[in-house]
Amino acid sequence: MAEGSVVRIRMYNVGFGDCFLVTVPTRGRPRRILFDCGSIKKAEKHSIDDVVARLVQDCPGEDGKPAIDVVVATHRHRDHVSGFELAEWSGVTVGEVWMPWTEDPADPDAQAVRTGHAKLAAALDASLQLKLKAAPDERLKGMALAVQNALTNEGAMRTLHDGFNGNPVRRYMPLKDQARLTFETPVLPGVKISVLGPSRDLDVIRDMNPPKGKSYLCLGDSLDVRGEPPSPFDDSWKIEGDAPADLSADDRKKLRAQGDPDAAVVASLDSAVNGTSLMLVLQVGATHFLFPGDAQWGTWQAAMRNPEARDLLSATRFYKVGHHGSHNATPREFVDEIIHGKGMRGMISTNPVASWPGIPRAPLLAQLTGHNVALARSDQSAEADPAVFHVGEDGLYVDVEIEIADPPADPPVDPPKDGATVTR
Amino acid sequence: MAERLQDPHAIRPPSRRPLKVFATDPMAGRTAGNRITVDVENEDPKPGPRGDRVAVIDYDGAHDCFYQQVDLNTPAILMQGGLEPAEADPRFHQQMVYAVATRTLENFDRALGRWQSFQTREYDRLRLFPHAFHGANAFYSRELNGVLFGYFRADKENFGRNLPGQLVYTCLAHDIIVHEVTHAVVDRLRRHFLEPTNEDVLAFHEGFADIVALFQHFTFPELLRDAIQSSGTTLDTPGPMADLARQFGEATGMGQALRSAIGRKELVLGPSVMEPHERGSILVAAVFDGFFLAYQRRIRDLIRIATRGSGVLPKGDLHPDLIGRIAGEASATAQSILGMCIRAFDYLAPVDVTFSDYLRAMMTADYEMSHSDPLGLRESMIEGFRRRRIFAEDVASAAEESLLWPAPVNAPQIPVDSEQAILVYLMRTATNFGRPRMRKLDYEKGFIVDQDGEEVPGLTEDVAKALHRYASDHRDPLQLHPKLPIQVQGFHSVFRVAPSGRLVIELVAQFVQTDKTAIDALGGIPLRGGTTVVAAADGTIRYIIAKPIHLGGEQSVRDQAEARIRRQLGYLDIADALDPETSFMDDEGLKTRMKTRADFAKLHFR
Numbered sequence: 000m001a002e003g004s005v006v007r008i009r010m011y012n013v014g015f016g017d018c019f020l021v022t023v024p025t026r027g028r029p030r031r032i033l034f035d036c037g038s039i040k041k042a043e044k045h046s047i048d049d050v051v052a053r054l055v056q057d058c059p060g061e062d063g064k065p066a067i068d069v070v071v072a073t074h075r076h077r078d079h080v081s082g083f084e085l086a087e088w089s090g091v092t093v094g095e096v097w098m099p100w101t102e103d104p105a106d107p108d109a110q111a112v113r114t115g116h117a118k119l120a121a122a123l124d125a126s127l128q129l130k131l132k133a134a135p136d137e138r139l140k141g142m143a144l145a146v147q148n149a150l151t152n153e154g155a156m157r158t159l160h161d162g163f164n165g166n167p168v169r170r171y172m173p174l175k176d177q178a179r180l181t182f183e184t185p186v187l188p189g190v191k192i193s194v195l196g197p198s199r200d201l202d203v204i205r206d207m208n209p210p211k212g213k214s215y216l217c218l219g220d221s222l223d224v225r226g227e228p229p230s231p232f233d234d235s236w237k238i239e240g241d242a243p244a245d246l247s248a249d250d251r252k253k254l255r256a257q258g259d260p261d262a263a264v265v266a267s268l269d270s271a272v273n274g275t276s277l278m279l280v281l282q283v284g285a286t287h288f289l290f291p292g293d294a295q296w297g298t299w300q301a302a303m304r305n306p307e308a309r310d311l312l313s314a315t316r317f318y319k320v321g322h323h324g325s326h327n328a329t330p331r332e333f334v335d336e337i338i339h340g341k342g343m344r345g346m347i348s349t350n351p352v353a354s355w356p357g358i359p360r361a362p363l364l365a366q367l368t369g370h371n372v373a374l375a376r377s378d379q380s381a382e383a384d385p386a387v388f389h390v391g392e393d394g395l396y397v398d399v400e401i402e403i404a405d406p407p408a409d410p411p412v413d414p415p416k417d418g419a420t421v422t423r
Numbered sequence: 000m001a002e003r004l005q006d007p008h009a010i011r012p013p014s015r016r017p018l019k020v021f022a023t024d025p026m027a028g029r030t031a032g033n034r035i036t037v038d039v040e041n042e043d044p045k046p047g048p049r050g051d052r053v054a055v056i057d058y059d060g061a062h063d064c065f066y067q068q069v070d071l072n073t074p075a076i077l078m079q080g081g082l083e084p085a086e087a088d089p090r091f092h093q094q095m096v097y098a099v100a101t102r103t104l105e106n107f108d109r110a111l112g113r114w115q116s117f118q119t120r121e122y123d124r125l126r127l128f129p130h131a132f133h134g135a136n137a138f139y140s141r142e143l144n145g146v147l148f149g150y151f152r153a154d155k156e157n158f159g160r161n162l163p164g165q166l167v168y169t170c171l172a173h174d175i176i177v178h179e180v181t182h183a184v185v186d187r188l189r190r191h192f193l194e195p196t197n198e199d200v201l202a203f204h205e206g207f208a209d210i211v212a213l214f215q216h217f218t219f220p221e222l223l224r225d226a227i228q229s230s231g232t233t234l235d236t237p238g239p240m241a242d243l244a245r246q247f248g249e250a251t252g253m254g255q256a257l258r259s260a261i262g263r264k265e266l267v268l269g270p271s272v273m274e275p276h277e278r279g280s281i282l283v284a285a286v287f288d289g290f291f292l293a294y295q296r297r298i299r300d301l302i303r304i305a306t307r308g309s310g311v312l313p314k315g316d317l318h319p320d321l322i323g324r325i326a327g328e329a330s331a332t333a334q335s336i337l338g339m340c341i342r343a344f345d346y347l348a349p350v351d352v353t354f355s356d357y358l359r360a361m362m363t364a365d366y367e368m369s370h371s372d373p374l375g376l377r378e379s380m381i382e383g384f385r386r387r388r389i390f391a392e393d394v395a396s397a398a399e400e401s402l403l404w405p406a407p408v409n410a411p412q413i414p415v416d417s418e419q420a421i422l423v424y425l426m427r428t429a430t431n432f433g434r435p436r437m438r439k440l441d442y443e444k445g446f447i448v449d450q451d452g453e454e455v456p457g458l459t460e461d462v463a464k465a466l467h468r469y470a471s472d473h474r475d476p477l478q479l480h481p482k483l484p485i486q487v488q489g490f491h492s493v494f495r496v497a498p499s500g501r502l503v504i505e506l507v508a509q510f511v512q513t514d515k516t517a518i519d520a521l522g523g524i525p526l527r528g529g530t531t532v533v534a535a536a537d538g539t540i541r542y543i544i545a546k547p548i549h550l551g552g553e554q555s556v557r558d559q560a561e562a563r564i565r566r567q568l569g570y571l572d573i574a575d576a577l578d579p580e581t582s583f584m585d586d587e588g589l590k591t592r593m594k595t596r597a598d599f600a601k602l603h604f605r
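From first to last, the protein sequence lines stand for chains A and B. First residue of the first sequence? That's 0 in numbering that gives the first Met the number 0, and the numbers climb one at a time after it. First residue of the second sequence? That's 0 in numbering that gives the first Met the number 0, and the numbers climb one at a time after it.
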């Protein structure tokens with residue numbers, strides 16, 4: 000394969016999390032895009048520190064310092080950003096940092112979404128830690144882990160917002176007044192970028208603050224100082240002695256067991272944060288690469304219903320499987336009706352967590368394979384088809400190279416460095 | 000009666016008992032129309048109150064205690080027509096829950112032409128728990144044969160119309176009581192409507208409960224007066240009346256979503272509206288729009304009289320007499336719409352309901368009561384549904400004639416004469432209607448348990464056997480599967496007086512068939528087919544309303560069966576995608592996920 004006509008995607012084995020480095024050839028030098036860097040459960044042989052060390056090594060810049068043209072943080076879940084806590088990043092030169100609009104520090108809607116999530120995560124965490132202490136079980140552990148994933152990750156977010164070398168431009172996407180899906184940037188000559196999510200639609204914003212979460216917080220506020228439910232009436236109304244009405248002990252037990260909504264609230268928080276995922280299609284020449292982050296039903300639906308976005312989806316040659324292979328991040332319609340599997344490549348970064356038995360979802364992976372998508376799994380890289388995927392350094396990463404159809408003619412050799420303007 | 004035979008001068012007890020309630024909730028307490036008196040059937044309730052079919056049990060699960068209970072027959076209470084509204088007195092809470100629930104049931108009794116019983120093997124009444132748990136939630140539980148109301152402290156920041164930190168009782172909100180009791184009634188009428196086999200099923204349960212709450216609310220003329228006065232000269236826009244409708248659940252933080260579509264014309268039914276509450280709110284809005292059209296039609300003459308034909312109302316306040324007359328018309332229209340919405344139930348198949356079915360059932364039910372449409376109710380309702388893009392499926396046009404269920408040709412009669420059990424049942428229900436204390440199901444004759452081991456409410460073994468013989472002999476015309484077992488899922492006789500004075504007697508039988516082979520893959524909800532048969536008193540069939548499951552029969556039956564299965568699978572996908580918990584489910588969880596999703600405790604917590 001001729002140098003200069005393939006895009007290489009490297010999936011690092013972070014355990015449970017995401018870290019993908021995309022290298023795009025241009026005439027001057029290769030351009031690099033990093034999608035996420037995080038983990039909430041380490042891989043068998045490597046830690047996130049090992050991954051970051053290798054990643055920095057993989058990105059030599061022209062001045063000898065490591066350099067990445069674009070860093071994308073798809074959403075703020077720990078398993079996508081925790082790696083940015085590490086000190087190494089201050090020495091990495093970065094051209095631009097892309098985040099979903101919900102990360103914009105100056106946008107009041109975004110602020111409300113973030114505060115809502117943080118408050119809910121903190122309240123759930125407090126409640127679950129107490130319950131875990133009292134009676135630890137696998138279900139509670141799974142819930143606690145999902146909540147920790149959503150707790151604010153100050154260190155990592157500081158790097159993304161204020162860190163890196165080279166004072167990179169921050170973009171929050173999509174722009175408020177962005178009329179078209181697709182834009183280009185001088186730091187990635189010859190690459191068209193389409194933003195498929197998250198939406199700024201008012202209904203979507205409402206869903207980002209799940210009603211279940213609001214009710215839950217309200218319930219927490221309702222407790223008295225000792226953490227007990229308030230009494231609806233003063234004690235003089237209570238009947239001492241025999242029960243006045245016919246109510247069996249069994250019924251009383253059932254009535255006492257009401258009102259533990261934690262599991263549903265945890266799931267809705269997780270889904271809400273995933274729902275802020277930046278969903279991007281990169282187009283190099285005529286070849287399309289789909290990075291949906293952990294986008295959920297709402298974003299996918301909007302994309303599949305928009306004819307322009309649907310065309311982009313159907314042109315996908317490479318698919319980063321959403322949300323570590325969970326049920327809700329890859330719609331059946333996308334697999335069954337939109338993609339043309341033949342020659343398509345997919346990568347899934349995952350690592351089973353005992354308390355989340357549904358992730359990755361085996362039938363989904365089988366369905367993708369059934370549609371002729373060649374798949375590599377970060378935790379089982381040895382099983383990936385060696386004719387398509389290349390496994391490096393004891394399973395620390397897996398590569399796939401994808402040939403570009405109609406490569407762009409003569410991209411500029413050296414773009415202007417102040418390239419903050421967006422060409423549309 | 001018996002007392003009068005013994006003592007010709009005995010004072011007859013009144014047939015109705017007045018009780019005081021909040022017309023909306025305590026937060027609206029200071030407005031004039033909010034503290035109202037409703038009257039309910041005087042059934043001589045025991046302390047609790049514990050009536051013939053509902054029992055209020057004030058057990059607090061969060062504190063494991065009982066509260067003092069009200070005795071409505073205490074002279075001091077009788078003399079003032081029920082306890083005065085008081086938030087701090089649990090006995091008023093019990094009175095209000097009892098009064099509003101009873102009134103709701105009476106609305107069903109009247110519209111359906113039969114007495115709604117809540118008797119089961121285990122419990123003989125519907126149990127109402129006004130302070131069951133701590134939480135901003137209230138829900139019906141089939142398992143407990145009851146409705147559980149929560150209480151909580153209002154948010155210190157977002158307290159809405161409450162005071163910050165104030166205690167809020169869901170059992171003091173009129174509409175929440177009606178909504179939850181309606182869920183209980185619907186679950187008795189159609190057990191399988193809690194099985195989400197398509198996107199409309201749960202939305203229907205929610206939307207219908209809300210329709211009943213809304214229109215029962217609108218039958219209080221006191222409440223409507225304010226809304227009408229504040230409309231001023233713009234009686235032709237639903238503004239203030241829509242606001243009144245939307246107040247539901249404001250104080251409790253519950254339910255606002257359900258009526259949010261009222262007054263917002265742009266919200267219509269479409270494939271992206273899938274969440275049960277949102278979808279249900281479109282159904283509510285369609286019925287509200289239909290109501291408003293009918294109401295406008297009905298007050299046109301009053302406006303003409305008041306404006307001497309100009310139709311333009313003068314600026315300033317309307318004359319109180321005019322408001323009184325308009326409020327009366329609005330509340331009478333609400334009562335008619337409520338009756339129409341409830342009567343539709345007898346014309347629904349036992350499984351897999353859709354909004355389209357409901358529209359057609361509503362049209363058919365009303366047509367059977369009155370062939371002409373003097374008040375334009377049906378016409379208004381068709382228009383209301385059309386505006387919200389709820390269309391009848393598989394019909395030639397949106398005209399009324401096309402929407403009626405088709406009348407079957409040469410359908411096999413229900414053997415009223417030859418089957419002794421049916422005849423006895425018919426006579427017993429006929430004599431019992433209007434005789435409150437003779438309604439207990441005769442359990443010595445055995446009760447019926449369906450394929451899932453659940454009791455079929457209100458059905459005795461001998462009647463079920465007779466109907467089973469009938470259905471087994473006529474599988475084809477009833478569009479039943481030739482091999483699958485038939486479950487008799489319900490049998491009622493219906494006695495209604497039409498506006499013309501005609502007595503309408505109907506027999507309604509439901510048959511269900513179940514195919515459990517793919518139950519795990521379908522998330523715990525099997526494939527079901529079912530047929531509702533509506534017959535005249537002599538057994539002549541009027542309607543056969545079927546949801547077939549038979550893939551080998553006549554072309555039209557097969558097509559329907561195939562389409563239904565496809566739709567069930569399609570909805571399974573959508574429900575999976577919409578539920579954030581899907582991703583975290585293990586194999587066992589996946590096997591029952593559709594059942595779990597229909598749990599009201601979860602569904603109502605939002």
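Since the hints were made in silico from the structure, they are not lab data. Worth double-checking, as some hints may not be accurate.
[Claimed, not checked] When the alpha-carbon atoms are kept at most 30 Å apart in a straight line, the in silico DSSO-like pairs for lysine-lysine are as follows: (1) A:140 <-> B:594; (2) A:213 <-> B:601; (3) B:590 <-> A:175; (4) A:130 <-> B:45; (5) A:252 <-> B:45; (6) A:237 <-> B:155; (7) A:132 <-> B:601; (8) B:314 <-> A:213; (9) A:140 <-> B:264; (10) B:264 <-> A:132; (11) B:19 <-> A:130; (12) A:253 <-> B:264; (13) A:253 <-> B:601; (14) B:590 <-> A:253; (15) A:213 <-> B:155; (16) B:264 <-> A:252; (17) B:590 <-> A:118; (18) B:264 <-> A:118; (19) B:155 <-> A:40; (20) B:264 <-> A:237.
Computed from a prediction, not measured in an experiment: that's the story for all the values here.
Item checked: Satisfaction of hint between residue 45 of chain B and residue 130 of chain A, Cα-Cα up to 30 Å -> Distance ~42 Å between residue 130 of chain A and residue 45 of chain B Cα, so the pair is violated.
Notebook entry, point to check: Is residue 590 of chain B within 30 Å of residue 175 of chain A, Cα to Cα?
Noted result: Violated, at roughly 43 Å.
Next item on the list: Could you grab the alpha-carbon distance between residue 213 of chain A and residue 601 of chain B and see if it respects the 30 Å cut-off?
Entry: 15 Å, holds
Notebook entry, point to check: Within a Cα-Cα threshold of 30 Å, do residue 132 of chain A and residue 601 of chain B meet the stated pairing?
Noted result: 26 Å, holds
Notebook entry, point to check: Within a Cα-Cα threshold of 30 Å, do residue 264 of chain B and residue 252 of chain A meet the stated pairing?
Noted result: Violated: residue 264 of chain B and residue 252 of chain A sit about 46 Å apart, past 30 Å.
Next item on the list: Please work out if residue 252 of chain A and residue 45 of chain B have their alpha carbons no farther apart than 30 Å.
Entry: 25 Å, holds
Note to self: Would the hint linking residue 264 of chain B and residue 237 of chain A be met if the CA-CA limit is 30 Å?
What the structure shows: Not satisfied, since the Cα-Cα distance of roughly 49 Å exceeds 30 Å.
Next item on the list: Starting from residue 140 of chain A, check that the Cα of residue 264 of chain B is at most 30 Å away, please.
Entry: 46 Å, violated
Notebook entry, point to check: Between residue 590 of chain B and residue 253 of chain A, does the CA-CA distance stay at or below 30 Å?
Noted result: 24 Å, holds
Item checked: Hinted pair residue 213 of chain A and residue 155 of chain B, Cα distance within 30 Å -> 13 Å, holds
Notebook entry, point to check: When you check the alpha-carbon spacing of residue 590 of chain B and residue 118 of chain A, does it fall within 30 Å?
Noted result: 33 Å, violated
Check: Is the straight-line distance between the alpha-carbon of residue 155 of chain B and that of residue 40 of chain A 30 Å or less?
Finding: Roughly 38 Å between the alpha carbons, so the hint for residue 155 of chain B and residue 40 of chain A is violated.
Consistency with the previously given hints fails for numbers 3, 4, 8, 9, 10, 11, 12, 16, 17, 18, 19 and 20, ordered from lowest to highest.
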